[in-house]
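Let the hints inform the model, and build the full structure from the sequences given.
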Amino acid sequence: MARTGRRQKPKQHLIEEWTGKIFTSLCIVFLVVTIFSIVYFVATKGLSTFLKDGISFAEIFGSKEWKPDGEPPLFGALPFIIGSFSTSLLAALISAPLGICAALFMIEIMPKIGRKYLQPVIELLAGIPSVVYGFVGLSVVVPFYRDVFPGQGLGIAAGATVLSIMILPTITSIATDALAALPSGLKEGSYALGATRWQTLYRTVLPTTLPALMTGVVLGMARAFGEALAVQMVIGNAPHIPGSLFESTSTLTSVITLSMGNTVMGTMQNNVLWTLALILMMMTFVFVFVVRWLEGRANR
Amino acid sequence: MSAKTADKIATAVIVTLAGFIVLILAGLLGFILVRGLGHISFDFLTSPPETIKEGGGIGPQLFNSLFLLVLTLLITIPLGLGAGIYMSEYAKPGKVTDFIRLIVEVLSSFPSIVVGLFGLLVFVNVFGFGFSLFSGALALTVFNLPLMVRITEQGLNSVPIAQKEASLALGLSKWKTIRSIMLPIAMPIILTGTILAAGRVFGEAAALLFTAGMSSPRLDFTDWNPFSPMSPLNPFRPAETLAVHIWKINSEGLAPDAPEIAAGASAVLIITVLAFNLLARWLGRVMHKKFTATK
Numbered sequence: 001m002a003r004t005g006r007r008q009k010p011k012q013h014l015i016e017e018w019t020g021k022i023f024t025s026l027c028i029v030f031l032v033v034t035i036f037s038i039v040y041f042v043a044t045k046g047l048s049t050f051l052k053d054g055i056s057f058a059e060i061f062g063s064k065e066w067k068p069d070g071e072p073p074l075f076g077a078l079p080f081i082i083g084s085f086s087t088s089l090l091a092a093l094i095s096a097p098l099g100i101c102a103a104l105f106m107i108e109i110m111p112k113i114g115r116k117y118l119q120p121v122i123e124l125l126a127g128i129p130s131v132v133y134g135f136v137g138l139s140v141v142v143p144f145y146r147d148v149f150p151g152q153g154l155g156i157a158a159g160a161t162v163l164s165i166m167i168l169p170t171i172t173s174i175a176t177d178a179l180a181a182l183p184s185g186l187k188e189g190s191y192a193l194g195a196t197r198w199q200t201l202y203r204t205v206l207p208t209t210l211p212a213l214m215t216g217v218v219l220g221m222a223r224a225f226g227e228a229l230a231v232q233m234v235i236g237n238a239p240h241i242p243g244s245l246f247e248s249t250s251t252l253t254s255v256i257t258l259s260m261g262n263t264v265m266g267t268m269q270n271n272v273l274w275t276l277a278l279i280l281m282m283m284t285f286v287f288v289f290v291v292r293w294l295e296g297r298a299n300r
Numbered sequence: 001m002s003a004k005t006a007d008k009i010a011t012a013v014i015v016t017l018a019g020f021i022v023l024i025l026a027g028l029l030g031f032i033l034v035r036g037l038g039h040i041s042f043d044f045l046t047s048p049p050e051t052i053k054e055g056g057g058i059g060p061q062l063f064n065s066l067f068l069l070v071l072t073l074l075i076t077i078p079l080g081l082g083a084g085i086y087m088s089e090y091a092k093p094g095k096v097t098d099f100i101r102l103i104v105e106v107l108s109s110f111p112s113i114v115v116g117l118f119g120l121l122v123f124v125n126v127f128g129f130g131f132s133l134f135s136g137a138l139a140l141t142v143f144n145l146p147l148m149v150r151i152t153e154q155g156l157n158s159v160p161i162a163q164k165e166a167s168l169a170l171g172l173s174k175w176k177t178i179r180s181i182m183l184p185i186a187m188p189i190i191l192t193g194t195i196l197a198a199g200r201v202f203g204e205a206a207a208l209l210f211t212a213g214m215s216s217p218r219l220d221f222t223d224w225n226p227f228s229p230m231s232p233l234n235p236f237r238p239a240e241t242l243a244v245h246i247w248k249i250n251s252e253g254l255a256p257d258a259p260e261i262a263a264g265a266s267a268v269l270i271i272t273v274l275a276f277n278l279l280a281r282w283l284g285r286v287m288h289k290k291f292t293a294t295k
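Sequence lines, in order, name chains U and Y. Following full-length UniProt numbering, the numbering of the first sequence begins with 1 at its first residue and continues without gaps. Following full-length UniProt numbering, the numbering of the second sequence begins with 1 at its first residue and continues without gaps.
Hints are computed from structural coordinates only; laboratory data are not their basis. Hints may contain errors.
Said to hold, decoys possible - Label pairs and their in silico Cβ distance ranges:
#1 F127/Y to D53/U: 23 to 29 Å
#2 D69/U to P48/Y: 19 to 25 Å
#3 S215/Y to G243/U: 35 to 41 Å
#4 G243/U to P256/Y: 30 to 36 Å
#5 D98/Y to A180/U: 23 to 29 Å
#6 S56/U to P78/Y: 57 to 63 Å
Unchecked claim - So, partial list: chain U residues that the calculated Cβ filter (under 7 Å) puts toward chain Y:
#7 E16
#8 F135
#9 G226
Where is the CB? At the ideal position from N, CA and C, for every residue including glycine.
Here it is as structure tokens:
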């Protein structure tokens, strides 16, 4: 009895070993297949606008006229590209100083209060769903802008305001990690030379952590660029380039959100929407590339 | 200006901005709760929505959100755990591993609407699942997988190496070591992360517009046969979730009390997400105490 039991041991051992290996490898294969199929499907659909429907590159990227139902239909996506870039850039510009100040507060100025109150607050901001941000934007931010500035209140300014709060957690948490990882000798050296706290922060800490801080800002911008529903609710959705920050406009994501359900798969109108999705995807790659480059600089 | 004055001004500015952030969150939560809580009642939580009349509820939407959450976790957890274990324990440093890391990174930064469109094309049309809870769950899986992988990896990496080596030295297979020694130790981190991810799933809408659909059939809550089209348990029926519902009534709501419904539904969503957050924190603390023997 004991002998046979011992002889079977190695075999069971091997079976266990292989189940684990095969199961986990399959999960990884699934992951890889998923991402390649996303790229493949979005790219083939998005490129058929140029290859099958014969719409020129210049029209999509250069023309300001968006009339998908017109005769002939016009597909200039420039207003959406401008809308997407301006809202996400503006959001990053508002959010970056706030997020970095919050991180400085938590790490350098009042670590105890910061960790106890500010950090949970920012984590909660990250958990609030985007439609709720959209709803609050629609019922607070837009009426406020409408009363204070000329125009309808809907537009880039409202979109950027809502987005800046949404991306605040991303920027703050990365900035906090970067500041916390800084070797303390650097700061002590500066203090030993008689520098004040602000001189130390401004001349030593911020320049050293700059690439990491930028990583956070770029990741935040990437998030803002891809956000769909919150922006769609407050941007106004007019297909033209606005004259001011408080005029209605559109972004790539808001056009896709609103129009995808109203077009038939395979038609020209539908393919153009996939081209917009392809632009979104390509921008994701650009953002990831920039983040990797910044991380490389931060680790040097 | 002397260096001392500059230091004081800078400190004041930083403290003010940090306070400003706390005020924003307090204002946000306060606004949503004050506007929404008054509208929440048992009737609101259980009755079906009305399209043009006043007094609609969010019953089916709430149920759909919870059901979709369960479905998504059923698919995401095994896949994410597996891929995370592979990355932490089996992957050897090198080109292939770097590449997989890059893939996880890219996947986690894809806009959710792109994942939704992919779901529309592949799950809804090519595989023919139609606008259904199942398509929605698959899209959310794609969307959540990188997060789950990262959480698992982080959890496993936190296990003391001596514990792993001790198990291997006793002659246990690597898989057995991972499963019965390492995973239980990593469990607090993994569980906390999963609950936070669940909170995100609950509020996600963009990926669901094109996969789970924007409408709910009339549900018959007495029919628990998962194969009948009216049954709430049927995973192959279209389903509008709470987050999608909020978006829809804000952009095209026809009911006269649409703003109130949006406020009430937002409050329900926020309260649920907050509950997930608190649960994750509490569970993390409790399990940490239990496993690390600190009293």
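Going through the hints against the structure:
1. F127/Y to D53/U: 23 to 29 Å: At roughly 26 Å between Cβ atoms, D53/U and F127/Y fall inside 23 to 29 Å, so the hint holds.
2. D69/U to P48/Y: 19 to 25 Å: Distance hint for D69/U, P48/Y is violated at roughly 35 Å.
3. S215/Y to G243/U: 35 to 41 Å: Check passed, 38 Å falls within 35 to 41 Å.
4. G243/U to P256/Y: 30 to 36 Å: Once the Cβ atoms are compared, 35 Å apart, the range 30 to 36 Å for P256/Y and G243/U holds.
5. D98/Y to A180/U: 23 to 29 Å: The hinted range 23 to 29 Å holds for D98/Y and A180/U, with Cβ atoms some 26 Å apart.
6. S56/U to P78/Y: 57 to 63 Å: Violated - the Cβ-Cβ distance for S56/U and P78/Y, about 47 Å, lies outside 57 to 63 Å.
7. E16: Holds. Min distance 4 Å.
8. F135: holds (5 Å)
9. G226: holds (3 Å)
When each numbered hint is compared with the structure, violations occur for hints 2 and 6.
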